[in-house]
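Undergrad: Sequence:
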Amino acid sequence: MSTPENSAQGQSIDAQSLRHASGPYFGAYGGRWMPESLMAAMDELNETFEAAKKDPEFIAEVKDLNKNYSGRPSLLTEAKRFSEQYCGGVRIFLKREDLNHTGSHKINNVLGQALLAKRMGKTRIIAETGAGQHGVASATAAALMGLECVVYMGAEDTRRQALNVARMRLLGATVIPVTVGSQTLKDAINEALRDWVANVENTHYLLGTAAGGAPFPAMVRYFHEVIGDEAREQILAQTGRLPDAVTACIGGGSNAIGIFHGFLDDPSVEIYGFEAGGDGVDTDRHAATITLGRPGVLHGAKSYLMQDEDGQTVESHSISAGLDYPGVGPEHAYLSDIGRVSYEPVTDTEAMDAFKALCRTEGILPAIESAHALAGTIRLAQRKVAEGVVPEETIIIANLSGRGDKDVGTAAAWFNMIDEQDAEAEINAANSQNSGAQNSGSQNSEEK
Numbered sequence: 084m085s086t087p088e089n090s091a092q093g094q095s096i097d098a099q100s101l102r103h104a105s106g107p108y109f110g111a112y113g114g115r116w117m118p119e120s121l122m123a124a125m126d127e128l129n130e131t132f133e134a135a136k137k138d139p140e141f142i143a144e145v146k147d148l149n150k151n152y153s154g155r156p157s158l159l160t161e162a163k164r165f166s167e168q169y170c171g172g173v174r175i176f177l178k179r180e181d182l183n184h185t186g187s188h189k190i191n192n193v194l195g196q197a198l199l200a201k202r203m204g205k206t207r208i209i210a211e212t213g214a215g216q217h218g219v220a221s222a223t224a225a226a227l228m229g230l231e232c233v234v235y236m237g238a239e240d241t242r243r244q245a246l247n248v249a250r251m252r253l254l255g256a257t258v259i260p261v262t263v264g265s266q267t268l269k270d271a272i273n274e275a276l277r278d279w280v281a282n283v284e285n286t287h288y289l290l291g292t293a294a295g296g297a298p299f300p301a302m303v304r305y306f307h308e309v310i311g312d313e314a315r316e317q318i319l320a321q322t323g324r325l326p327d328a329v330t331a332c333i334g335g336g337s338n339a340i341g342i343f344h345g346f347l348d349d350p351s352v353e354i355y356g357f358e359a360g361g362d363g364v365d366t367d368r369h370a371a372t373i374t375l376g377r378p379g380v381l382h383g384a385k386s387y388l389m390q391d392e393d394g395q396t397v398e399s400h401s402i403s404a405g406l407d408y409p410g411v412g413p414e415h416a417y418l419s420d421i422g423r424v425s426y427e428p429v430t431d432t433e434a435m436d437a438f439k440a441l442c443r444t445e446g447i448l449p450a451i452e453s454a455h456a457l458a459g460t461i462r463l464a465q466r467k468v469a470e471g472v473v474p475e476e477t478i479i480i481a482n483l484s485g486r487g488d489k490d491v492g493t494a495a496a497w498f499n500m501i502d503e504q505d506a507e508a509e510i511n512a513a514n515s516q517n518s519g520a521q522n523s524g525s526q527n528s529e530e531k
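Residue numbering for the sequence shown follows my numbering, beginning at 84 and increasing consecutively.
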């Protein structure tokens, strides 16, 4: 974990080893701790990925999909009223991944991995999802490329994100609620891995975060590097210089590693990741993995984990389904250890206050995941003002990783804008209608 003694913020760094690290290890973290039955599939995936990165046709196809299907480049928007009212006048720019097709950064990685699945001759993809954004993106790519899609989602998350469940089903995916364990993201990944073991010949596991066994962490980062590359080019075009800091929310860490990548070799740029602090890190209801975790192995990689005294993974908590995960990508663990990135917790209350703040000042509805980055950005900006910076000469880029349509029910209940039972009834009614349509479609398909 990052400490004042090893902090490298603002100091000289070895850019080559950070920006171009490809695994399978990042310092002491990473590796491939996978079942023997999956090793051949992991080797095939790694070989296909390494070959594709050198293939001009593959690179061109990814760029074309990003531009003409996803709608990249995503905008870099200055949030002037948000800055004035909450950040002491520090200039805040939002990297608008919420404007991508499907509403989040997830589409970047999904399109790339779906192309790899086609190259390997796979006919079926499986995915895990927490907030539902990765599931929606996976279902979207499967529909686009003619692949069967099965999405595993914790039963608790299907309740919290019922509208995204309906979206996945409308896109043709089969959504399987996971009812074991904490019924959240960790358990969804467990079930997806079991499926992969049983169906490895025709199935690709489209992992959605920068975790898992090699090559997943480096591969997911590769497809998300476009976020940081664009943000760097855009901020230079708009302001003529690099930002003073870059921020992002941290669950497994895919959106964060994507935007961080563009600035890792710039020692003048401070980088911050904001974890899910839940009810507070002084309680046992949080997902502050780097802040309070210890090294261990989960889902195929060594990284920081939330563990008990016996080394068993403990349940995490966050109001944000997408950050409710007791682990973190191995590259983040390494970046924390060497002090290049600072990681801090943000509570549910802080995140929801920032959620409302952006809605009211900029007319932008962020995902609750992204609201953690916004809350951390407010804290960072206020801290810098207290330290005596000139606000209008200080620039922070915050990664707005997704839009908050999926979170309207949660937010409305949190702020007492509608009765919680009424909100749940509305969501369940919509989900029931769409589920019925999906079941009807399945029946018709069987009749054919």
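Don't read these hints as lab results, they were simulated from the structure.
Treat the hints loosely; a few may be bogus.
Straight-line Cα separation of at most 20 Å, EDC-like style, residue types lysine to aspartate or glutamate; simulated pairs [unchecked claim]:
id	residue 1	residue 2
1	K146	E133
2	K439	E476
3	K467	E133
4	K163	D436
5	K136	D126
6	K163	D327
7	K163	E476
8	K201	E239
9	K467	E308
10	K439	E161
11	K150	E316
12	K136	D327
13	K137	E316
14	K146	D327
15	K467	E433
Have a look at the derived ranges for each label pair, beta carbon to beta carbon [said to hold, decoys possible]:
id	residue 1	residue 2	range
16	F498	E161	41 to 49 Å
17	P118	R377	18 to 26 Å
18	E161	P118	25 to 33 Å
19	I501	S105	26 to 34 Å
20	G363	F498	14 to 22 Å
21	D362	D393	40 to 48 Å
22	G363	N285	39 to 47 Å
For glycine and all other residues, C-beta sits at the position ideal for the given N, C-alpha and C.
Undergrad: What's the verdict on K163 and E476, does the C-alpha distance respect the 20 Å limit or exceed it?
TA: holds, 13 Å
Undergrad: Next pair to validate is K467 with E133; report whether the Cα-Cα distance is within 20 Å.
TA: At roughly 42 Å apart (the allowed maximum being 20 Å), E133 and K467 break the hint.
Undergrad: Note whether the CB distance of P118 and R377 lies within 18 to 26 Å or breaks it.
TA: Cβ of P118 to Cβ of R377: about 24 Å, so the range 18 to 26 Å holds.
Undergrad: Sort out whether D327 lies within 20 Å of K136, counting only the CA atoms.
TA: violated, 31 Å
Undergrad: Does the beta carbon distance between D362 and D393 stay inside 40 to 48 Å, or does it fall outside?
TA: violated, 24 Å
Undergrad: How does the Cβ-Cβ distance of E161 and P118 compare with 25 to 33 Å: does it lie in that range?
TA: The hint (25 to 33 Å, Cβ to Cβ) is violated, given that E161 and P118 are roughly 48 Å apart.
Undergrad: CA of K467 to CA of E308, is that 20 Å or under?
TA: Between K467 and E308 the Cα gap is close to 28 Å, so the pair fails against 20 Å, i.e. violated.
Undergrad: Would you check the hint for K201 and E239, treating anything up to 20 Å between C-alpha atoms as holding?
TA: violated, 32 Å
Undergrad: Taking 20 Å as the top limit, are the C-alpha atoms of K150 and E316 close enough?
TA: holds, 16 Å
Undergrad: Taking 20 Å as the top limit, are the C-alpha atoms of K163 and D436 close enough?
TA: holds, 18 Å
Undergrad: With 39 to 47 Å as the target window, see if G363 and N285 comply at their CB atoms.
TA: holds, 46 Å
Undergrad: Are K163 and D327 close enough, with their CA atoms no more than 20 Å apart?
TA: Roughly 17 Å separates the two Cα atoms, so the pair holds.
When held up to the earlier numbered hints, the structure conflicts with 2, 3, 8, 9, 12, 13, 14, 16, 18, 19, 21 and fits the remainder.
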